[in-house]
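Visitor: When you get a sec, could you build the whole thing from the sequences and use the hints?
Under our numbering, the residue at position 211 of the sequence shown is numbered 783, and the numbers go up by one with no gaps.
By construction, these hints were calculated from the structure, which means they are not laboratory data.
Even for Gly, the Cβ is constructed at its ideal location relative to N, Cα and C.
A hint or two may mislead.
To be verified - Here are the simulated lysine to any residue pairs, SDA-like style, with alpha carbons at most 20 Å apart:
hint: 1; residue 1: 652; residue 2: 618
hint: 2; residue 1: 632; residue 2: 696
hint: 3; residue 1: 728; residue 2: 745
hint: 4; residue 1: 728; residue 2: 760
hint: 5; residue 1: 652; residue 2: 621
hint: 6; residue 1: 812; residue 2: 778
What the hints assert, rightly or not - Label pairs and their in silico Cβ distance ranges:
hint: 7; residue 1: 745; residue 2: 815; range: 23 to 29 Å
hint: 8; residue 1: 741; residue 2: 817; range: 45 to 51 Å
hint: 9; residue 1: 745; residue 2: 812; range: 25 to 31 Å
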Amino acid sequence: MKNQIMQRPAFGLLLASVLLLAPLAARAQETQASPENYAACTALVESDASAALGMAKTLKARGGEAEAGGTHCEALALMKLGRAAEAGDAFFDLAERLLRADDALRSDVYAQAGDAWALAGEFNPAIRAYDNAIARTPDSAIFYEGRARVKALAEKWEGARDDAAEALAIEPNFPAALLIRAAANRILGYPRAALVDANNAVSLNPHNLGALLERGLVHKALGDIPAARADWSAAVKYAKATGNEEDPAALAAAHYLSQ
Numbered sequence: 573m574k575n576q577i578m579q580r581p582a583f584g585l586l587l588a589s590v591l592l593l594a595p596l597a598a599r600a601q602e603t604q605a606s607p608e609n610y611a612a613c614t615a616l617v618e619s620d621a622s623a624a625l626g627m628a629k630t631l632k633a634r635g636g637e638a639e640a641g642g643t644h645c646e647a648l649a650l651m652k653l654g655r656a657a658e659a660g661d662a663f664f665d666l667a668e669r670l671l672r673a674d675d676a677l678r679s680d681v682y683a684q685a686g687d688a689w690a691l692a693g694e695f696n697p698a699i700r701a702y703d704n705a706i707a708r709t710p711d712s713a714i715f716y717e718g719r720a721r722v723k724a725l726a727e728k729w730e731g732a733r734d735d736a737a738e739a740l741a742i743e744p745n746f747p748a749a750l751l752i753r754a755a756a757n758r759i760l761g762y763p764r765a766a767l768v769d770a771n772n773a774v775s776l777n778p779h780n781l782g783a784l785l786e787r788g789l790v791h792k793a794l795g796d797i798p799a800a801r802a803d804w805s806a807a808v809k810y811a812k813a814t815g816n817e818e819d820p821a822a823l824a825a826a827h828y829l830s831q
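Guide: Structure representation (structure tokens):
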């Protein structure tokens, strides 16, 4: 996966950090399992993931709700320890066993499995996990966007574009989906279509580093180098002003400016 990111410093880095890690972290906070011991276990993940993993195994041994909470905490701890593939297995196993949970909760856990497997470079299982999330919650834009992210990381650009379009049909002003579709159209050879989405993404958030980076790449694909450099310069400027010089999108923008 690192090689793929290095080959595509603009979009690969953006996806891996901004569009993949952020949703995964958000969903980790949203998923509920209720018991107090579960809350203690998940609270421990940040400070001592190894200890949290041990607590999770104790919860799992109790069965019932405690087992479900333990499995979820185990998956979060595995993610913190850098064992993303194992975390994906744990998330997916939990989603499969939450037979009495509502579709929204199961879809969230399937999506966490998809994100974890994607981080591990296991794209086919990640797509399958998102298939399950979408099957249970077909009207949720976030799951189409998530599957689009995974397909983009797997360089399945036509599928990424289609899923991003599905997300945008549900939620037209979804910035992450706009960026994925813009990148897909750019890479597939449709830079003018890409520019429409990139412009919309920048309009929604003029200081978004990823949006400025992508629009610069679209301008470059169209042969408008001054416009491309203007967007990349703006990204670097905003990154410095906000102390985000190490943001992957800012680093990629600086890289393109140096060429």
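Visitor: Can the restraint linking residue 632 and residue 696 be considered satisfied, given a maximum Cα separation of 20 Å?
Guide: violated (28 Å)
Visitor: Are the Cα atoms of residue 652 and residue 621 separated by 20 Å or less?
Guide: Holds - the C-alpha atoms of residue 621 and residue 652 are around 6 Å apart, at most 20 Å.
Visitor: Between residue 812 and residue 778, does the CA-CA distance stay at or below 20 Å?
Guide: holds (15 Å)
Visitor: Does residue 618 sit within 20 Å of residue 652, going by the straight-line distance between their CA atoms?
Guide: Holds: residue 652 and residue 618 sit about 7 Å apart, inside 20 Å.
Visitor: Holds or violated: 23 to 29 Å for the Cβ distance of residue 745 and residue 815?
Guide: The hinted range 23 to 29 Å holds for residue 745 and residue 815, with Cβ atoms some 27 Å apart.
Visitor: Is the straight-line distance between the alpha-carbon of residue 728 and that of residue 745 20 Å or less?
Guide: The hint is violated at about 23 Å.
Visitor: Can you let me know if the beta-carbon spacing of residue 745 and residue 812 is within 25 to 31 Å?
Guide: Holds: the Cβ-Cβ distance is about 28 Å, inside 25 to 31 Å.
Visitor: Tell me if the straight-line CA distance from residue 728 to residue 760 falls inside 20 Å.
Guide: Within the cut-off at roughly 10 Å; holds.
Visitor: Has the hinted range 45 to 51 Å been met by the Cβ atoms of residue 741 and residue 817?
Guide: Violated - the Cβ-Cβ distance for residue 741 and residue 817, about 36 Å, lies outside 45 to 51 Å.
Checked against the numbered hints given earlier, this structure breaks hints 2, 3, 8; the rest are met.
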